[in-house]
Each structure stands twice: as structure tokens, then as C-alpha cells.
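Asker: One-letter residues, chain by chain:
Protein chains: 2
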Amino acid sequence: VAESRVPKLLLSQSARPASFGIQAMNETGHLIDTRIAGEHPLSVYLDKRELITLMTLGSAPECLVLGYLLNQGFISQPSELAQIHVDWDTEAAAVTSQQLSASGQSIWDEALGQAIVEKMAHKTVTTGCGQGSVYGSQMDQLAQIHLPARTLAVSVLQHLLAQVRAHESIYKEAGAVHGCALANAQGHILCFIEDVGRHNAADAIRGWMALNPALANQQESLMFYTTGRLTSEMVIKCAQMGIGILLSRSGLTQMGYSLARKLNMLMLGRCQGKHFLAYHGHERVLLND
Amino acid sequence: VAESRVPKLLLSQSARPASFGIQAMNETGHLIDTRIAGEHPLSVYLDKRELITLMTLGSAPECLVLGYLLNQGFISQPSELAQIHVDWDTEAAAVTSQQLSASGQSIWDEALGQAIVEKMAHKTVTTGCGQGSVYGSQMDQLAQIHLPARTLAVSVLQHLLAQVRAHESIYKEAGAVHGCALANAQGHILCFIEDVGRHNAADAIRGWMALNPALANQQESLMFYTTGRLTSEMVIKCAQMGIGILLSRSGLTQMGYSLARKLNMLMLGRCQGKHFLAYHGHERVLLND
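So the protein sequences, as listed, match chains A and B. Quick note on numbering: the working numbering labels position 92 of the first sequence as 92, and the sequence is numbered without any gaps. Quick note on numbering: the working numbering labels position 8 of the second sequence as 8, and the sequence is numbered without any gaps.
Quick caveat, the hints were computed from the structure, so don't treat them as lab data. Glycine is no exception: its CB is placed at the ideal position from the N, C-alpha and C atoms. Heads up, none of these hints are tricks.
Which residues of chain A face chain B? A partial, calculated answer using Cβ under 7 Å:
| # | residue |
| --- | --- |
| 1 | V196 |
| 2 | G251 |
| 3 | Y257 |
| 4 | L277 |
Which chain A residues stay away from chain B? Per the calculated CB distances, all over 12 Å, these:
| # | residue |
| --- | --- |
| 5 | S12 |
| 6 | S14 |
| 7 | S76 |
| 8 | E80 |
| 9 | T90 |
| 10 | Q98 |
| 11 | W108 |
| 12 | H146 |
| 13 | R150 |
| 14 | A166 |
| 15 | N184 |
| 16 | A185 |
| 17 | A216 |
| 18 | Q219 |
| 19 | L222 |
Rough simulated footprint, nothing fancy, chain A against chain B, three-plus residues with beta-carbon under 8 Å:
| # | stretch |
| --- | --- |
| 20 | 27-34 |
| 21 | 37-43 |
| 22 | 272-282 |
Please model the entire structure based on the sequences and the hints provided.
Answerer: What follows is the structure, given as C-alpha cells:
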């Protein structure tokens with residue numbers, strides 16, 4: 001009964017082809033066929049107001065847009081939206097708020113407009129990103145996040161890594177993309193998304209999670225995996241999802257490390273094959289199980 | 001005589017330590033010492049007006065700030081500036097224009113303020129970047145760039161790659177950084193800069209080049225190397241420097257490929273050891289010399 005009161009969010013289904021073939025000459029002088037990752041501009045409009053243009057592989061554009069709006073704090077839950085419509089002919093994602101849909105009044109008429117202006121005024125360009133900016137206010141919000149002190153069995157980690165190897169289709173085919181995954185407590189991958197920008201991939205995971213309300217109360221048993229570096233933004237995005245375990249194939253930066261310590265996040269890098277380095281929370285890694 | 005009329009640009013010398021030691025537990029349960037790349041916020045002020053906060057390794061902050069201002073179109077040449085002063089205690093780079101220095105009138109009083117507002121209105125968040133945004137007007141400017149049709153001998157490429165291996169100090173030590181290099185026609189590296197954001201590294205190269213006026217008329221013989229992917233921004237930044245050869249250890253994205261074609265750039269990826277793939281301009285790669 002409660003669910004029937006939640007207005008339905010209408011989503012287009014506009015995934016794009018993920019890679020394209022080109023010819024390149026190798027060191028022997030031969031022309032070979034090689035694949036490159038697709039990369040498309042997607043301008044996001046919230047109640048007809050243009051927010052930003054994202055460059056994306058386009059494999060999960062509706063999840064990307066939803067996750068972007070959540071991670072940047074434009075909305076706090078998907079039920080605030082009535083529709084996300086992605087149209088590649090116009091390279092646009094038209095997002096309509098419930099408020100506009102129900103009353104004809106844009107979400108922008110409220111305090112949001114002012115809040116966004118203030119956010120933009122505290123723009124920080126971050127490190128190795130696909131999105132490039134977090135806003136001052138997000139850093140403040142982090143102080144209010146309390147992550148559960150999670151444990152991780154190495155056998156679970158290895159189960160997850162084996163699935164990542166099976167999932168990475170575009171990376172294997174074309175390279176130049178990053179992947180992010182959401183996994184459950186057993187290390188089973190629930191969702192795997194690749195994108196040319198790894199923060200796009202992280203945002204799309206957030207969007208996918210938000211569209212699966214059954215997961216809403218299970219953050220305490222979820223894990224987040226990324227092929228990319230553990231920069232501050234990646235730690236922030238993981239924390240915003242309420243997830244206490246962050247895993248990466250790559251290394252970390254100083255700010256990522258510093259934030260993981262503050263948040264008491266279990267953070268492992270260099271996860272490849274049987275190898276890993278537990279950068280923070282190593283006492284909660286269960287070697288024998 | 002002409003040179004003495006050029007006002008001197010005063011620069012601080014505020015490079016930071018590049019890496020820090022932490023302890024991490026590996027898969028055998030042993031705590032090992034490992035290094036992580038430094039990552040520091042640096043807020044850029046132009047004539048006392050805050051522009052942006054960059055996250056940087058801090059190895060060449062003055063070059064980074066100068067290159068950022070040039071690549072984003074805030075200034076068109078270093079002679080417009082009187083001073084760049086980087087102070088890590090306040091995490092600030094104070095940039096003073098010649099105009100403010102000479103007449104007390106901020107560079108912002110002119111049309112620049114309006115131009116910047118217009119730029120910001122056309123913000124595009126780009127792909128896999130350290131900086132995250134190019135502005136609409138930059139894409140327009142590209143149409144006016146005509147790059148020379150360069151040739152490249154494989155022996156020169158291999159000479160360059162051998163030096164890259166010798167230069168990559170932070171990457172070897174701590175990982176999680178990208179390097180960019182500027183090389184001459186013989187493949188000799190003139191400048192190699194690493195940063196946590198690869199677009200910071202590219203910007204710092206631009207800044208270093210601008211501080212070496214002897215190079216100003218030699219773009220036609222220079223080459224640009226990056227460890228990162230060949231995304232649209234990397235192609236744009238290379239083109240803005242007037243350099244017609246772009247080399248990468250990594251692959252490319254569709255927009256990077258598309259721009260290289262438009263600009264007739266000689267673009268090679270997957271440059272490692274003896275291997276490479278000539279993605280565009282392969283007929284200008286000289287295999288035997």
C-alpha cells in the first residue's frame with residue numbers, strides 16, 4: 001500500500017553501442033582492426049534548465065543521470081522525479097521533477113536555485129575524475145556520515161574479483177574505460193557498469209541502486225568495487241551510498257587515504273588475482289575463513 | 001632590447017614533497033611500507049578573485065597555475081601576469097596581473113569578467129580528467145588551429161620512450177599519478193611532470209613551455225607525450241600548444257579520435273617498449289630510418 005503512493009519514475013531505455021571499430025597501424029607497419037570506446041556528450045536538463053554536459057559511453061544513461069543528480073545533491077531521492085528521458089538525437093537527458101509534473105511549478109522555483117549557486121561558488125576540481133568537481137557542501141555532509149565497521153573475508157574478495165574479470169567487456173575490447181561494481185555480502189556482483197569516465201560509472205551505480213528499493217536498507221552488507229584509483233571523490237561517492245567497503249584494482253591518493261581514515265572505511269587497493277593491499281582497516285580483513 | 005620591455009613574471013618556488021609513506025597489509029597478512037602520492041588542494045586567485053581549487057601533487061605548482069590560466073583562456077600569454085605566488089600554508093596560489101600591478105586596476109574590471117561568466121555557462125564535463133571541464137568557446141577556437149602535418153621516425157619514438165621509463169619516479173614509487181612530457185624533434189625530453197590529475201600534468205607542461213620563450217617558435221618540432229588516455233581534452237590541450245604529434249602509453253576514446261582527425265594530428269597510442277598503434281596519420285610514421 002505504501003508503495004502505491006510513490007509516484008512512478010518513467011525512464012527511457014536509451015543505451016548506446018559501446019564500442020566502434022577503427023583501423024590503426026602497428027609497429028610492423030600492418031593496418032589492424034581495433035575497437036575504441038564510444039564517447040558521447042549528454043546534456044542534462046532538470047525541469048528544462050541545463051545543468052551540465054557529461055561525456056559518457058552511454059551504456060546506462062538513465063542510471064547515470066539519476067546517480068549524478070543524487071551524488072551532486074540536486075535531489076535526495078528518486079521519488080522527487082517524474083521522468084528521465086534520454087534522447088541521443090538531441091544528445092539530451094530531459095529530467096522532469098514530480099513537482100513540475102504535479103503542479104506545473106519547476107523545482108528551480110524553490111530554494112534549490114540558490115543552493116546550487118552557492119554550491120557552484122565552492123567548486124573544487126578534483127583529481128583523476130570523469131566528473132571533475134565536488135562542491136564544498138558535500139565535504140561538510142561527510143562529517144555526518146557514520147559507516148558501519150565492516151569485515152571482509154578474503155574468499156569473498158576473490159569471488160568478487162573473479163566476476164569482475166568475466167564482466168569487463170568494453171575494457172577488454174577497447175580499453176580506455178573504467179568499471180564500477182556493486183556486490184553483496186557474499187561478493188556476488190549485482191551491477192557492473194563501465195564508462196569512459198570512472199565517476200560516471202560510479203554515478204550510474206548510485207542511480208541503479210536507487211532504482212532498486214529492495215537494496216535501500218542493505219547498504220550495510222554491500223561492497224563497492226572500482227577499477228580506478230582511490231581518489232577523494234571515489235571515497236566520497238562510496239560513503240554517500242552508505243557503503244563501508246571500497247575495493248580497487250588501482251592504488252590510492254593521499255586525499256583518498258585521509259578520507260577513508262576519517263570515515264573508518266575498509267579500503268583495499270591493488271586487488272588483482274590473489275593480491276591486495278589493505279590501506280585502511282586491515283584488522284577487519286579475515287585471512288582465514 | 002625588445003626583451004627588456006617585457007615585464008618580469010615573479011614566481012615562487014614552492015614544490016611539495018611528492019610522496020608519503022604509509023603501512024598496508026598484503027594478502028599474506030604482513031604489514032608492509034608503501035608510498036602514496038601527495039595530493040593537495042591549491043586554490044587559484046586571479047587578482048584576488050577565487051577561480052577554482054585544483055587538487056595537485058604539487059611538484060610544479062607555478063607552472064600548473066600558469067598553464068591552467070592559459071589553457072582555460074583566462075590569459076593569452078604569461079606577460080599579462082606580474083606574479084604567481086604559491087603558499088602551501090594557506091593552500092593558495094595568488095596570481096597578480098600586470099594590469100593590477102601597474103595601474104591598480106584588476107584584470108577583472110574589463111570584459112574578462114563577462115567572458116568568464118559566458119564560459120561557465122557552457123561548461124562541459126569531460127571524460128577521464130584531472131580538471132574536468134572545458135568550455136564551449138574552446139571547442140570553437142579549435143576550428144582556427146591548423147597543425148603542421150608532422151612525420152615521426154620510430155627510432156625517435158623509441159628514444160623518447162626509453163627516457164620516459166627513466167623519468168617516472170613518482171609513478172614507480174607510489175603509482176596513482178599520470179605523467180606528461182614535452183620532447184624535441186629528436187625525441188629528447190625537455191620537461192617531464194607527474195601529477196595526481198593528468199590534466200594538471202598537461203597544464204603544467206603548457207606553463208613550463210610558456211616560461212621558456214626560446215620554445216615559442218619551435219612548436220612545429222615538439223612532441224607531446226602522456227601516460228593517460230587520449231581523450232578529447234588531451235587532444236585539445238596538445239592542439240592549443242600548437243603541437244602536431246601526440247603520444248600515449250594508453251588507448252583512446254572516440255572523441256579523442258574524432259578530434260585528432262579533424263586537427264590532422266599524428267596520434268599514437270599503446271606506446272610501450274617496441275609497440276605502438278598509430279591511430280591517426282599512420283602514413284607519416286617512418287618505420288625504417
